[in-house]
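**Student:** Chain by chain, the residues:
There are 2 protein chains.
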Amino acid sequence: MKKLSDINRDFAQWYQDVLEASEFIDQSPVRGSFVLRPYCYSLWENIQKTLDKKIKETGTENAYFPLLIPESFFKKEAKHVEGFSPELAVVTHAGGKKLDEPLVVRPTSETMIYSMFAKWIKSWRDLPLKINQWANVVRWEMRTRPFLRTTEFLWQEGHTAHLDREEAVIFAKEILELYKNFVQDYLAIPVITGVKSESERFAGADQTYAIECLMQDGKALQMGTSHVLAHSFSKSFDIKFQNKDGQLVSPYCTSWGVTTRLIGGIIMTHGDQKGLVMPPKVAPIQVVIIPIYRKDEEKDLILSKVEQIRNCLEHDGFRVFVDLDDQLTPGAKFFKWEVKGVPVRMEIGPKDLDKNQVVLVNRIEQDKTKKKSFVSIDMVNREVANLLDKIQKDLFEKAKERMQGYQHKAEKLEDFGPELEKNNGLYQVGWCGSPDCEARVKEYKATIRCLLDSKENKTCFACSKSSKTDILVAKAY
Amino acid sequence: MKKLSDINRDFAQWYQDVLEASEFIDQSPVRGSFVLRPYCYSLWENIQKTLDKKIKETGTENAYFPLLIPESFFKKEAKHVEGFSPELAVVTHAGGKKLDEPLVVRPTSETMIYSMFAKWIKSWRDLPLKINQWANVVRWEMRTRPFLRTTEFLWQEGHTAHLDREEAVIFAKEILELYKNFVQDYLAIPVITGVKSESERFAGADQTYAIECLMQDGKALQMGTSHVLAHSFSKSFDIKFQNKDGQLVSPYCTSWGVTTRLIGGIIMTHGDQKGLVMPPKVAPIQVVIIPIYRKDEEKDLILSKVEQIRNCLEHDGFRVFVDLDDQLTPGAKFFKWEVKGVPVRMEIGPKDLDKNQVVLVNRIEQDKTKKKSFVSIDMVNREVANLLDKIQKDLFEKAKERMQGYQHKAEKLEDFGPELEKNNGLYQVGWCGSPDCEARVKEYKATIRCLLDSKENKTCFACSKSSKTDILVAKAY
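Line order of the protein sequences matches chains C and S. Mapping to the numbering used here: the first sequence position 153 is 153, numbers consecutive. Mapping to the numbering used here: the second sequence position 435 is 435, numbers consecutive.
Among the hints, erroneous ones may be present.
Just so you know, same-sequence chains aren't split out, so a pair can sit in one copy or run between any two.
[Said to hold, decoys possible] Restricting the straight-line Cα-Cα distance to at most 20 Å, the calculated cross-link-like pairs of lysine to any residue (SDA-like) are:
(1) K244 - D325
(2) K398 - P70
(3) K219 - D10
(4) K49 - W134
(5) K54 - S42
(6) K54 - A21
(7) K173 - V195
(8) K54 - P70
(9) K3 - A21
(10) K351 - L301
(11) K54 - D367
(12) K180 - C437
(13) K122 - K336
(14) K400 - L360
(15) K130 - Y39
(16) K97 - G83
(17) K49 - L154
(18) K412 - K465
(19) K76 - Q428
(20) K281 - K393
(21) K333 - S123
(22) K398 - D326
(23) K97 - V137
Don't read these hints as lab results, they were simulated from the structure.
Using the sequences and the hints, build the whole thing.
**Tutor:** Next comes the structure, spelled out in structure tokens:
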């Protein structure tokens, strides 16, 4: 196997290398579309399972809406079509004939879903209506990069309708909090939340809340968004309900989503020179067991003990894989599973068997004296649980520390701009709110990632006029 | 709400009516594409969950492949393209430009997946390779009907590669058995398995095995297929591996799938004049609780007991819904949940509370003296479990009995054809194997559903020559 590029010198190439070496994805024949191989898809399934449960706990129900959307639907919301037009894939022919009206392959489903809401919502008693969809979407992106920007991706998109603006805003924020907690607690990635500037808002939204994370090269990654759509779609799709006073009014809507981009965030936050690192709570495999033996008598003894340990771990719900490959040496296996980022490796050989012990190896521990631990077989489940727990926590702490190292406060663009352009990082500065000042960060290839609640800076980073709000500026994926 | 059409007089209209009345699906603006509303999608999630587990137990792993397939890929397998061409939806424009090569929206993923297998399979050690995908597919059908034939549908498609033909055939049959057991044990629908005639085979398959079910109007529904593709795709996509003797040879492939059509099968097998009937094992809601009260003091007492019962049932994994709507009368609620086919209704009012009991109502029991049972609150979980179990079994027995009533043995087409055309049903006859004789069943709007292993009939139903095998003839959806 090819050696991975240096993660510190060429992060972008390391990213490509690690995806190939870990058999995570494969190029497809369609530009910017990738095959999610079983190991990767299993990570997505684990993400889905937890997130789906949390979304349902908010009173949201899953449903499924058509993939193909009439082009005319798409044009009903002016800002929406303006934002998405350049990215649409269009079906013009079907069943051997040219279609009367072209059909757009959904890039997002607001238009389809709100056209249905118009049929389903009649009275205030029908509200709030909370629907979620797990689906594939297609956006024809110019420059693609696996998970971060792809022609097709998988996601969940939530769409809700509420009685009034206040309720819609509260719900959009509830989802933002749900995303933040999920990303921090399960993916072990520290999150900053904030509001997007007008130019970075979702096409058709009144307000976009986002969770922003900092990758280990100091660039930001937007990992999820929650939009207050307010009346934009409910008016263009003529959704009306009778309120308690008997008047016909439009509901206030929200939409929100996270995508397979979360996977890119995991890789770019936790990966290291040896390969991927999977956070234990969502890892496709939490423990890989490597049996070690030379003679056939040893093999039988070891394998029967391994089978016993596997059953015991699986009984308690751990995700375990036993590597029985008889072509690879144990050393080659260690290497293989390190690249795939399995958090805990368990080794068991004849000498361990004599001592009724196994060796547990911590994927992320750098200190060689602490990397391995010898554990009594009788205590395996508890020790594995403790080690997975420790790794989950350490990953988050490590990422948090690194993020703090990248966080700076600054005042004037000409002072921090060159450093930002050269070494990335996240800059908290003041902003007067003008789009002209916002545009100036592009000189250094950066964008405003989000507006903060705080107002520590008195003057705008660009024009030096009075600042309205603090903002975070960074280069972003 | 509109009354449902008579299920015995106009089954097709009843089917449309019941789908609307139960808020199961909705028409979308795209011809033949339907919205799966939450209650319906929840049924699909339950089907998916069990089936996914069973598929994984065969050693098959999930993965995800791109939606859009280059048109040229599609043309590599001659029979495949011939079979699917009339049904393709084609993306010709994307990102505001005409594409150099049109992209087909996948109607099935053989071409995409086997192009990947060609990269992944190098040695006999890579086999068997077993991959499954849960996805949406698009087929531009002329006449559509919800779940049975739709422009877009949801499904799982399994694709495997094996060392030799024998292994591929064994695996294709293993999946057929898995489908049969799932449909019988979970959906409570009796299944007949058999082989398809050449003209009814999947485009590109060597052999197609199918599970066939008989709907309550006596028409057959193919509910799942498992194909031995043998060398067709492995040769067109140049999949080669080094066998144990060091030679480069092609693997033998299989593909297999079930779709949201399963939902149509459930409705057309179990539904009745009152509405849908959901088999307990996959029912979105297994128990609906209707609290009954008049005064406010009653309400508090009843609702606190209901909450206690709900928690107790949910703790044991039952899917429960409490109908707290304060606009509908209890009677209107009974009606509503009968239409939706919830298997068990629980009623609890002040008099029941006094007696420490609840009323359980069996959705499918016709005998009024047996329909209701009074159950001590202390025994609720056990009694609910027993009743759900009984309903699951009764549904299967009822469907089996009805199917047997529709099964006939016959000899000559002119004798049974008119009766088949008029009253539907399933006819077991002999067949010489000639396509000309096969074509003759079309005179009575029927098709050969499958070939059987038996050979009870000596002569062909059409030409009276010697019969090679028994077949089943029926009209089909």
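**Student:** Work down the list of hints and note, for each, if the structure agrees.
**Tutor:** Going down the list of hints, with the structure as the test:
| no. | hint | in the structure |
| --- | --- | --- |
| 1 | K244 - D325 | between (68 Å within a copy, 16 Å between copies) |
| 2 | K398 - P70 | neither (48 Å within a copy, 44 Å between copies) |
| 3 | K219 - D10 | within (14 Å within a copy, 64 Å between copies) |
| 4 | K49 - W134 | both (11 Å within a copy, 15 Å between copies) |
| 5 | K54 - S42 | both (19 Å within a copy, 16 Å between copies) |
| 6 | K54 - A21 | neither (33 Å within a copy, 30 Å between copies) |
| 7 | K173 - V195 | within (10 Å within a copy, 55 Å between copies) |
| 8 | K54 - P70 | neither (32 Å within a copy, 38 Å between copies) |
| 9 | K3 - A21 | within (9 Å within a copy, 61 Å between copies) |
| 10 | K351 - L301 | within (12 Å within a copy, 66 Å between copies) |
| 11 | K54 - D367 | neither (37 Å within a copy, 43 Å between copies) |
| 12 | K180 - C437 | neither (29 Å within a copy, 66 Å between copies) |
| 13 | K122 - K336 | between (58 Å within a copy, 18 Å between copies) |
| 14 | K400 - L360 | neither (26 Å within a copy, 55 Å between copies) |
| 15 | K130 - Y39 | between (32 Å within a copy, 13 Å between copies) |
| 16 | K97 - G83 | between (30 Å within a copy, 16 Å between copies) |
| 17 | K49 - L154 | both (14 Å within a copy, 19 Å between copies) |
| 18 | K412 - K465 | within (11 Å within a copy, 95 Å between copies) |
| 19 | K76 - Q428 | neither (38 Å within a copy, 56 Å between copies) |
| 20 | K281 - K393 | within (10 Å within a copy, 39 Å between copies) |
| 21 | K333 - S123 | between (62 Å within a copy, 19 Å between copies) |
| 22 | K398 - D326 | neither (37 Å within a copy, 53 Å between copies) |
| 23 | K97 - V137 | between (24 Å within a copy, 19 Å between copies) |
In the structure shown, a violation is registered for the earlier hints numbered 2, 6, 8, 11, 12, 14, 19, 22, in ascending order.
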